[in-house]
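Student: Chains as they are written, first to last, in numbering that gives the first Met the number 0: chain F, 0 to 358; chain D, 0 to 273; chain R, 0 to 331; chain Y, 0 to 602.
Note that these hints are calculated values from the structure, not bench results. Don't take every hint at face value.
Claimed, not checked - Calculated cross-link-like contacts (lysine to aspartate or glutamate; reagent style DMTMM-like; alpha-carbon spacing at most 25 Å):
1. Lys210/Y to Asp140/Y
2. Lys116/F to Asp220/R
3. Lys116/F to Asp149/R
4. Lys116/F to Asp318/R
5. Lys116/F to Asp228/R
6. Lys200/F to Glu143/F
To be verified - The calculated label-pair distances, taken between Cβ atoms and stated as ranges, are:
7. Leu3/D to Ile181/R: 57 to 63 Å
8. Ile181/R to Ser360/Y: 57 to 63 Å
9. Gly158/R to Leu3/D: 17 to 23 Å
10. Leu3/D to Ala93/R: 52 to 58 Å
11. Arg166/D to Arg70/F: 49 to 55 Å
Unchecked claim - Some but not every residue of chain D turned toward chain R, in silico, with C-beta under 8 Å:
12. Phe113
13. Leu116
14. Ile120
15. Ala151
16. Phe249
17. Asn256
18. Phe257
The beta carbon of each residue, even a glycine, is placed where N, CA and C say it ideally should be.
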Amino acid sequence: MRSVGVGALMAGDPLLSVRDLHVRFATERGDVNAVNGVSFDLHEGQTLAIVGESGSGKSVTAKTLMNLLPRSARVSGEVTYGGHDVRALAAAGTKHFFGVQMTMVFQDPMTSLNPVKRVGEQIAETLRYHLGRSRSEARSEAVELLDTVGVPEPARRVRQYPHELSGGLRQRVVIAMALACRPRLLIADEPTTAVDVTVQKHLLDLLDDLRRRRGMSMILITHDLGVARGRADDVAVMYAGRVVETADADTLFADMRHPYTEALLRSIPRIEDPVHHRLDPIQGRPPESIDPPEACAFAPRCAYAQSDCLNGVPELDGLLGLHRFACLHPTGTERGAAAMSANQAAGVTAAGMPVGGDR
Amino acid sequence: MRRLGFCFWLAVGWLAMMALVATFAPLLPIADPTEVAFGGPREAPSADAWFGTDALGRDVFSRTVHGARISLAVGGFAIVFGMVVGGGLGILAGYFRGRLDQGVGFVFFVLLSFPALVLAILITATLERSLLVVSLTIGILAVAPVGLLSRASTLVFAEREFVAAARVLGATHGRIIVRELLPNVVIPMGALTLLGMAVAVVAEGSLAFLGLSVAGDNAISWGKMIVDGSGLRDLQNAAHVTMFPVAVMFATVLSLNFAGDRIRQHFDVKELAF
Amino acid sequence: MARFVLRRVALLLAVLFAVTFLGFAAMNLLGDPLVNVVGVLAELDCDAIEAGTAEDTTVDAASRDCDTVAAARAEYHLDRAVPVRYGLWLGDMATGDFGTSFQNDQPVSQVIREKLPETVILLVMAQAVALGLAVPWGVLAAYRANRAFDRGSTVASFGLLSVPNFALGVVLLYLLALRWQIFPSAYESDSVSGLLFSMVLPALTLGLPLAASYQRLLRTDLITTLQEDYVHMARAKGLPPMRIMFRHALRPSLFSVVTVFGVSTGTLIGGSLVVEQIFGIPGIGREIVTAVIRDDFPVVLAIVMVVAVTFVVLNFLVDLLYSWLDPRVRAR
Amino acid sequence: MAARRSRIHRRVGLAAVIAFALAAAACGGGGESGEPQAPPASEPAAAEPTASGGEADEAPVAAEQNPPDESELLVAPVDTTTTTAAPGDGGGEPGPVYGGTLRVGAYAEGDGLNPAANAISTPVFLMAGPVFDPLAYFDADGNWIPFLAESWTKVGDGSVWRMKLREGVRFHDGTGLDADDVVATFQAQLADPLISIAFRPGFDPDEPIRKIDNHTVEFVGVRPSAHLPNAFATQIGMVLPSEWLQRAAADPALNQMPVGTGPFMVQSRIQDEVTVLVRNPDYWAADLIDVYPDRIEVYPIPDSSAAAQRLIAGELDLMVTASTGAILTLRDAADQGVTTIENVRADESVLFINTKSPVFSDIRARQALTFATDQDLYVELLGEGTAPAAESIFHPDLIWRNPEVAQETNMAERAGPLVAEHCAEHPQNCSEGRINMRLGLPGPSVESDRARDLLAATWGEFFDVDTTVKPLDELIVDVALGNYDVALSSAFGAVDPDNDVIFMECGSISFISLNFSRHCDPERDDLMYEQRAIEDLDRRVEIWHRIQAINRDAYESILLTHTNWTVGARDNVHNVCGATGPAGDPLFCNNQGRIWLHQIWLS
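Isolated chain F (complex conformation) (with noise of 0.2 Å):
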């Protein structure tokens, strides 16, 4: 089965496409709709951000793209990968495929290695399976990639195990060994929130180095736009399992539309700021997922809301592969000044949220 991959792929198709994606989960208070219809691209080579807060569904896409979630999910939608349905070749168990083509490196390190096991068998372990390699083949292996992702003294971590490892050099053994049999596609989920402020950057530049020097292609999930900013070549923002607002970086940090995106991106600290400036947190709560009101789902928290974003949820407009946004009032527009100059004469949203005058 190894001849899933990408030599079929023509040229200007997607490696990656995903076309109205809906994940539900069933509780005992009620279905969750943790996706809502998402839908992009990702060509070769390239990085795609998603970016929203926690339960924006970013992490759930992500694990339905890896056939992660549990049985209890329901999964509509069309994901392909080279042209291959990615849910028709998990549910046909094909080998090779996962890890080979395409592969994970989670937000935790300290969770996602194998607590029992030492690190050099973990990446060893994916080389033998999926590529035959023998046991010593495989451990030399492993020290080369744990050279490669810079660890120091590679020949002795390999014998050590994940308890210790400090953070950042756990983080670097879980790509290392998601690297190991060089797919074409990570989706790396939010790889440096758990580490050590001091490391994150190391890390998301190794990330990106990698990727360039193998030419893989790369979903970067994450929460912070300033994540995103310069390493990746389009961006999602995904709010309530939808996503609000699309483009290539360049456009969306240049012009974004959305309020959120606006918001997400006022949330960030920068190193440019003055120590004591004070961060826009969004205020409000990411909504709940059960049952939702048909309404804009950002509405509540936005300032520019309108009474006709209660009024049905805004689609995705825009060209797909362009600018897209999912808002009735964009930033930027006329229509959003007119809106927030509207709520802050009111001093409250149409959603019920107060706005104060001195923004």
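Use these hints to put chains D, R and Y onto chain F, whose structure you have.
Tutor: This is chains D, R and Y only, laid out in the frame that chain F set:
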């Protein structure tokens, strides 16, 4: 609060029925369980003898009903004993802490260091096997598990405000233990009553099977009935003599376990370390 | 780590001390130890007989019986104060002198040496049955958690846990040995293979309920483990589900099973009393029951001591086994 | 070393125990084997306690003048009527086959195989029998014949018997058998309180045995006897090398591997598992006796039903049992190539009533108990068609049986008034109109529980029964000490009834009684000693007829069943009852389960 469910009430119903028939067995319109040649030997179940007859032609149904008396009496007594002694020690240990706690904890640990049935054997080896001794023996087995539980619950509650408040108000230790701690500790212990009883019933059955349970001419117990019919030839030719008491005992232990487990979940108590 | 081990060893010694004292107390404080040792002879008035003032009531010269009594007093140190007696007795035990069986005048240590192997074989086979069944069973149940198989197996394990050992033994004997004649109905010692084959039913009797309890623990732990990131990671690495189960999820999920392994061996030892009786296995389980019935106190006490001490030490070793299962413990 | 309680029990109960026990015992009363806990019972019948002399005559004393006819047998040979198939040596059989391994199931294990230190009960006899030759044994008619002895001769009135040994007999260790070995063995047995209990009182306390020459000894009794050699047909007649006896005294471990003169030698022995015997290549009687198997393996299997299953499955060739369930299982397997040789003419299951107890010293209480006993039910439910009801101490097929004596059981209606009278006079013995009594049963076992329940139920209207269940040997001690009002045991059944005298004579009553009922009847004693001294079979039969009537009228015991001793064999096992003595006489077969294994052959 989860619902307890139909099966729970089914189990409780069975247990209630067993308790009733055990209590009133002598008054029930059933055969005398000791009447030899009530029917022919080893007769298959019939309208006269619902469970058939045993090797001496006695009514297996009536014997099964009467057998519940010893099993349930020993089981009930043992768990009550375990709760009074083990529970009491546990509360004292958990409340006073310190040396007492260490001492009691060590005693529990030592008791748990014997395989249960072996400890029971050690005791029955040295004493006459009366109903009281057998019940006490099995009760002693229950002391340590119940005691550990009550100590753990006491530790939790002893830290709570109402206990601190009582102490500030000058309540005596005795009063705090009885008025404040006991009612709280009794709930998780009570939730485990049925589970503990299941263990006790099985323990009594095992002793009876080995011929080490209550001795005496009128002692009918399930374990004894099962061993009576378990010779190879008896099993082959008249399995009903054994299988009916096995089934009833199984149903009873299953009901105790099931209802007990539901109650345990209901009160969210951890499992017992039997 | 060293401190941890030291503390455990100290506790171990204290418990061993207490356990042996309990056994000693049962013999010396519950009732008259002399009666426990020499039975009716304890009633002989040996002083009077020596003085020639008592009637010689035995066919044999009563003075010989008095010699016996005197020898018993010496052997069990009955003339010494209780604490001294305990110390001396402990010394005897430690040097392998468990006294002499009333039943056939054999040294108790020899009785135990002869009977222990059958029981150990039985226990090992029972554990093998339990683990051999519980692991695939628990894995399957966890793999398809809450599906039909899992629900069915929950009911089945609950049922198995509610069957008393002796009842299960009789039912298995009836079905597998008498009805379908798959296994022999009783112990055989003609050959090693015959011995092992005849131990299958007893091992099943002990092992099935244990398999059920292991299965429940393993299933719960596995379901938790399967939520772990490293299992997701392994899936993302493209490893097949069963390989993930056995290579990644199983070992970290064995903690509860290992925790109860020691305790369950105690349950098994208790069960072996009954099972050896049913299947006629000449092990220490049957020996102790026979000894109790015959008031053969040295044998009862010695077996209880051997079993309890083994049990305590086993649980101590189980503690150490943790560090193999979880390297993180080693660091502590 | 020290104190062994059992040793004590034995010692205290001594006398009783063994004699009785031994004999009786093997089967522990009604239930018998199949009681896993019961230890190997001691056996003995033989040990003839009070051998005494009669007129001197030449031996052997044969009962030739009264050849038993088919319905009236002198003794208890194989009961062919209950044999489900004729084993062995019938016509048309192929010739005997030498070699092979005979696998035997015994229902109990023994302490050891040393006849000077361990009780050689029926199951132990299967292990030790082939290792030894007895000084005397019974022929098929039940008359004693010399075996290892060349001759037995009465000296004077029969108080002294002279035995001349065969020459050229060698032990397994190569040493020759001589009078010193006989003297040493006999003295060792006398010195062992357990072994000697039942026969020591019959021998001269100062000089019980004397060596005449290298191959001749004289045994000195205290009373004239015409039947003394009977005593040497059991373990008392098994001879050990004197030098070995000294070593065994120092090292009890040797008891497991004794040295004898017999056709087989102990190769290995693991207690509770197997005893392996191999053929003695230098058997002294090789020219006189055909020894067929090369090897004998005896497996102690306490659960006789399990042994029966193994026999049916072909894992055993032969087994011995008196357990009802096992006998029925074997019978049912007739179509699977299993034959049984059953003997119901030996011992009886007996409820002994302690006539010295406060309750049963009143004959009305004894009568009431007898009347109230539902013997029919006992026979039906516990015998289950294997063990017939007993009316007296002799089976109806035997010449000794008095057909006029019938036991007065199953007359519950006659019990009531007697109980009422007793309770009126002795209110302290009664509660709520019922007599309080203590019953002792051997056990524990399923059978003893059933016996207890059945007896308690049938007596329940008139007696309030308090039952104690104890292992057989402990029970017998208690019974010998008079600790129960009523106790179940098994007794009588000696090949020659003279050996049963000890259970009835007044001299056996003392602090420890072998006469369990403790009933002394001087008239009966006179009769018993008279028959002992004479060889006149007619007169002996007459005397025993009279004794049965005396016993019945004394209400001293309640006979329940004639024990069924069954040998089960597979159909490839031949010649089970074909053993012969050195002179070619067929030997008595299935003496309370004791059979000779060395002349059995396998096809």
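Student: Does each hint hold? Answer for all of them.
Tutor: Checked hints:
no.	hint	result
1	Lys210/Y to Asp140/Y	31 Å, violated
2	Lys116/F to Asp220/R	18 Å, holds
3	Lys116/F to Asp149/R	29 Å, violated
4	Lys116/F to Asp318/R	20 Å, holds
5	Lys116/F to Asp228/R	14 Å, holds
6	Lys200/F to Glu143/F	22 Å, holds
7	Leu3/D to Ile181/R: 57 to 63 Å	41 Å, violated
8	Ile181/R to Ser360/Y: 57 to 63 Å	59 Å, holds
9	Gly158/R to Leu3/D: 17 to 23 Å	19 Å, holds
10	Leu3/D to Ala93/R: 52 to 58 Å	54 Å, holds
11	Arg166/D to Arg70/F: 49 to 55 Å	52 Å, holds
12	Phe113	5 Å, holds
13	Leu116	3 Å, holds
14	Ile120	6 Å, holds
15	Ala151	17 Å, violated
16	Phe249	6 Å, holds
17	Asn256	5 Å, holds
18	Phe257	7 Å, holds
Checked against the numbered hints given earlier, this structure breaks hints 1, 3, 7 and 15; the rest are met.
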